[in-house]
Amino acid sequence: DVVIPLDKLADYSRGIERINIEESIRNKITIADEVLAYLVGDHSLRKADDDFEASDENRSILQAKLDLAKQAVEQARNRWHTLLSRIEASAEEHIDLVNGLDRSLIQKDDRLLDLLLRRDLVVSYRTEIATRLDEIFSGQEVRNLRLAMREIHTRLRDSRLFVALHMHAGDGNVHTNIPVHSDNYAMLQQADRIVDRIMQLALSLDGAISGEHGIGLTKLQYMEQDKLEAFAEYKQQVDPESRFNRGKLIAGADLEMAYTPSLRLLEQEAIILEESELGTLNDEIKHCLRCGKCKPVCMTHIPRANLLYSPRNKILATGLIIEAFLYEEQTRRGISLQHFTEMNDVADHCTICHKCESPCPVNIDFGDVTTLMRKILIDRGKKRSSLGAKAAMSFLNMTNPTAIRWMRRGLAEWGFKGLNLGHALAAKSGLLKQQDQPPHATTGNPKPQNLVVEMLQKPIRVEAPKQTLRDALKLEDTRSVPILRNPGRVSEESDAVFYFPGCGSERLFSEIGLATLAMLNELGAETILPPGYLCCGYPQTAAGLHARGRQITTENRVLFHRIANTLNYMDIKTVLVSCGTCMDQLQDYQFEKIFPGCRLLDIHEYMMEKGIALDGNQQTEYLYHDPCHTPIKQYNPLQVVSGLTGKPVELSDRCCGEAGTLGTSRPDIANQLRFRKTEELNKGIQAIHAKGAQPAQIKLLTSCPACQQGLSRYTDETGLKPRYLVLEVIEQRLGQQWQQQFIDQVLKDGIEMVLV
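With UniProt numbering, the residue at position 505 of the sequence shown is 505, and numbering never jumps.
The set of hints was computed from the structure by calculation and includes no laboratory data. Glycine residues also receive a C-beta, built at the ideal position from the N, C-alpha and C atoms. Hints may be right or wrong, so weigh each one.
Unchecked claim - Derived pair list, reagent style DSSO-like, types lysine-lysine, alpha-carbon separation capped at 30 Å: (1) 227 / 248; (2) 683 / 293; (3) 683 / 721; (4) 286 / 219; (5) 219 / 474; (6) 474 / 417; (7) 108 / 70; (8) 683 / 633; (9) 428 / 447; (10) 748 / 573; (11) 699 / 748; (12) 593 / 647; (13) 721 / 633; (14) 286 / 355; (15) 593 / 573; (16) 382 / 447; (17) 235 / 219; (18) 417 / 466; (19) 433 / 417; (20) 721 / 466; (21) 474 / 683; (22) 610 / 748; (23) 295 / 433; (24) 235 / 8; (25) 447 / 474; (26) 721 / 428; (27) 721 / 699; (28) 390 / 355; (29) 382 / 355.
Stated by the list, open to error - So the derived label-pair ranges between C-beta atoms look like this: (30) 417 / 611: 39 to 47 Å; (31) 391 / 327: 35 to 43 Å; (32) 741 / 694: 30 to 38 Å; (33) 140 / 109: 47 to 55 Å; (34) 135 / 7: 46 to 54 Å; (35) 397 / 611: 34 to 42 Å; (36) 597 / 164: 48 to 56 Å; (37) 160 / 88: 17 to 25 Å; (38) 630 / 391: 38 to 46 Å.
Just need the whole structure built from these sequences, with the hints factored in.
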């Protein structure tokens, strides 16, 4: 970086653009020289192409083409060389160099450089050489010659140097970047010469070279001696043992020990470990501009808890990890296990919410980067895990009804009660921190005892139902497809819908799945359920278990095709979900090929389309927590929620802290998210009271089963009781006894089983 006086910024930009123009012309001259060398080579000993018939006549024609091409290339090359050498000369005096430019574009006292800066005069290899060569070497018989010259152009154009600028608005600090290929030594040497020119330019404009970055490496040789001596004196006072930045910014320091990894060299030498997928990981992050636009929307960026885990900073850390791997591969020292620890640290600090992609100017989705990192760690056997995460994943992978019932009892019924009891005991013993105290930083490998304390920090104030959805409705047979209908409401006009309940609505919080089915019954729909307990595959993929995730997805898609073939007499045009992660995963199932013409909707969107709405007279105000993986894709979520409840609803932003298995695998990170979410919930409560409303109750609505669990952890400190939206609506419409009434009706005459 350099610092330029604000009134000289235009002059600095002009000087940099001149460098770019000169480098562009030099690059074109280099390309022309190599094309000329190729044209004057001996082409008589090789056929131009398989279609080329070797004869004296054809060889004569080919030689004429080569001579004509050399003439065209030499003419353009000589003009460019003269233009570069006389760039400061008067444009009026060198009309022959402007290639038929409209004379009216030449202003008084214009130099050739001025025309180039305004782009009135453009030097183009494609226009002046490439197009002419394609005309000369047209035809299949000389195709190889034509392609060879295109390859020369492509290869050498990639080594063109340019200087890119971006700067701080208002203070004159200009980031001056010169992208180079670290395996191209000529390019590196020319870049050094450009740096010399840039430093001279900055000083000539009364600027300073001691800008924000690069002082210890690139700019050290340009620093004034008195400044170096003053810094050395200060460094000796504050760091006499030279623990910080050893060997930097001192007399005699140079770049001898600097290391720059080259993915190109490694690719050429086949050094990168194939299973590490470092090349793919680098491709995912290499375009990051480090602008920081991702920070405000990142769920793990909690400045009061840590400053390290925004996507921007995680990309920087990932780049350093890749460099460390590459260095050890180049030196063949072997891979340090510490690198995997650091990669685990970065991979843990992500909720896979994908919110960073929207503000990113280069469309980096660090959620996808994180899943790739987790896959790398799992494939190498280095993924850090916890007992809670393993238990949760085992529960999701199970399909045996008996095993699911017992696992559910252990995790949800006994587990929730045990956690709440542990919270009460820890609170009495003083182990828990105050609610308004910022959470601890989470860098590095967490200690097991600390994770236990963090797990007990917030209780779970939600009770899991006694039965799963399929257990309650006696639908655990994996060989038959259940079709649910209310005989009193079904007609020829009734919709046939395929409902995928997902693990959260089926195994854990079965009242959500039951409420969805009850609402569809009320609407007179015929509801098809898949046979047996099915997971969508998203949790496995997000955890890095890509093979397992693909297996589940493939098996489900095959099963759904069988269902579609079996039920081809039913016109299934709607696929419904009641979970956002299921929605995200099912979007990759290609349902339009399973049920042609169908659409994928959330149950709440379907309810709104069917005109379901409360009267708005309930003595309750609502906050709405829109899940990170919102299932409401076709409409505005607030529009849907407000329409169903019959009254305006306040939106509560930020992640609930559950984030799939994050709440159990890394409760320390989850508590950072909860600290931030608490602030948002309190803001929402204040916003409701600011409207003058004094409701009997404020309910916290959501449309995600896992978020219902996560939001229950805030009940003690905010008084908010979380409620799944369809549950709230159906209870207001049908009363407290809706669930038993629905189960009785369905078990009596509302289920048809179809063998698949």
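Structure-based check of each hint:
1. Annotation: proposed proximity of residue 227 to residue 248 holds, straight-line Cα distance about 14 Å (limit 30 Å).
2. A threshold of 30 Å between alpha carbons decides the hint, and for residue 683 with residue 293 the separation of about 24 Å falls inside it, so the pair holds.
3. Pair hint residue 683 plus residue 721 holds up; C-alpha atoms about 16 Å apart against a cutoff of 30 Å.
4. Between residue 286 and residue 219, the direct Cα distance comes to roughly 24 Å. Compliance with the 30 Å bound is thereby established for this hinted pair.
5. Between residue 219 and residue 474, the direct Cα distance comes to roughly 74 Å. Violation of the 30 Å bound is thereby established for this hinted pair.
6. The suggested pairing of residue 474 with residue 417 holds, with an alpha-carbon distance near 27 Å, which does not exceed 30 Å.
7. Between residue 108 and residue 70 the CA atoms are separated by roughly 37 Å; this puts the pair beyond 30 Å, and the hint is violated.
8. Between residue 683 and residue 633, the direct Cα distance comes to roughly 26 Å. Compliance with the 30 Å bound is thereby established for this hinted pair.
9. A C-alpha spacing of about 22 Å is found between residue 428 and residue 447, which places the hinted pair at or below 30 Å, so the restraint holds.
10. Annotation: proposed proximity of residue 748 to residue 573 holds, straight-line Cα distance about 27 Å (limit 30 Å).
11. In summary, the hint linking residue 699 to residue 748 is not supported, as the alpha carbons are separated by about 34 Å, beyond the 30 Å threshold.
12. Simply put, residue 593 and residue 647 have alpha-carbon atoms about 39 Å apart, too far for the 30 Å limit, and the pair is violated.
13. Distance hint between residue 721 and residue 633 is fulfilled; the C-alpha atoms sit about 25 Å from each other, no more than 30 Å.
14. Restraint check for residue 286 and residue 355: the C-alpha separation of about 19 Å stays at or below 30 Å, so the hint holds.
15. Taking the CA atoms of residue 593 and residue 573, the gap is about 12 Å. The hint holds against a cut of 30 Å.
16. Between residue 382 and residue 447, the direct Cα distance comes to roughly 17 Å. Compliance with the 30 Å bound is thereby established for this hinted pair.
17. Note on residue 235 and residue 219: the hinted pairing holds, with a Cα-Cα distance of about 19 Å set against a maximum of 30 Å.
18. With a C-alpha separation of about 13 Å, the suggested pair residue 417 and residue 466 falls inside the 30 Å cut-off, and the hint holds.
19. A distance of roughly 21 Å separates the Cα atoms of residue 433 and residue 417; the hinted pair therefore holds under the 30 Å criterion.
20. Proximity of residue 721 to residue 466 is assessed by CA-CA distance (about 20 Å); at most 30 Å being required, the pair is judged to hold.
21. For a cut-off of 30 Å, the pair hint linking residue 474 to residue 683 is broken: about 44 Å separates their Cα positions.
22. The hinted pair formed by residue 610 and residue 748 meets the criterion: a straight-line CA distance of about 26 Å does not exceed 30 Å.
23. Of the pairs offered as hints, the one joining residue 295 and residue 433 holds, with about 27 Å between alpha carbons and a cut-off of 30 Å not exceeded.
24. Proposed proximity of residue 235 and residue 8 is contradicted: the alpha carbons are some 33 Å apart, above 30 Å.
25. Distance check on the hinted pair: residue 447 and residue 474 sit about 44 Å apart at the alpha-carbon level, beyond 30 Å; violated.
26. Our distance criterion of 30 Å between C-alpha atoms is met by residue 721 and residue 428, whose separation comes to about 24 Å.
27. For a cut-off of 30 Å, the pair hint linking residue 721 to residue 699 stands: about 6 Å separates their Cα positions.
28. At roughly 26 Å between alpha-carbon atoms, residue 390 and residue 355 fall within 30 Å of each other, so this suggested pair holds.
29. About 27 Å separates the Cα atoms of residue 382 and residue 355, which keeps this hinted pair within 30 Å; it holds.
30. For the pair residue 417 and residue 611, the beta carbons lie near 41 Å from each other, so the given range of 39 to 47 Å is met.
31. Taken as a hint, the range 35 to 43 Å holds for the pair residue 391 and residue 327, whose Cβ atoms sit roughly 38 Å apart.
32. Between residue 741 and residue 694 the CB atoms are about 34 Å apart, so this pair conforms to the stated range of 30 to 38 Å.
33. Between residue 140 and residue 109, the C-beta spacing of about 52 Å keeps the proposed range 47 to 55 Å intact.
34. Hint check: residue 135 to residue 7, Cβ distance near 50 Å, so the stated range 46 to 54 Å holds.
35. At roughly 40 Å, the beta carbons of residue 397 and residue 611 sit within the given window of 34 to 42 Å.
36. Checked against the hint of 48 to 56 Å, the C-beta distance between residue 597 and residue 164 comes to roughly 49 Å, which is consistent with it.
37. Taking 17 to 25 Å as the suggested C-beta distance range, the pair residue 160 and residue 88 conforms, at roughly 22 Å.
38. At about 27 Å, the beta-carbon gap between residue 630 and residue 391 misses the expected band of 38 to 46 Å.
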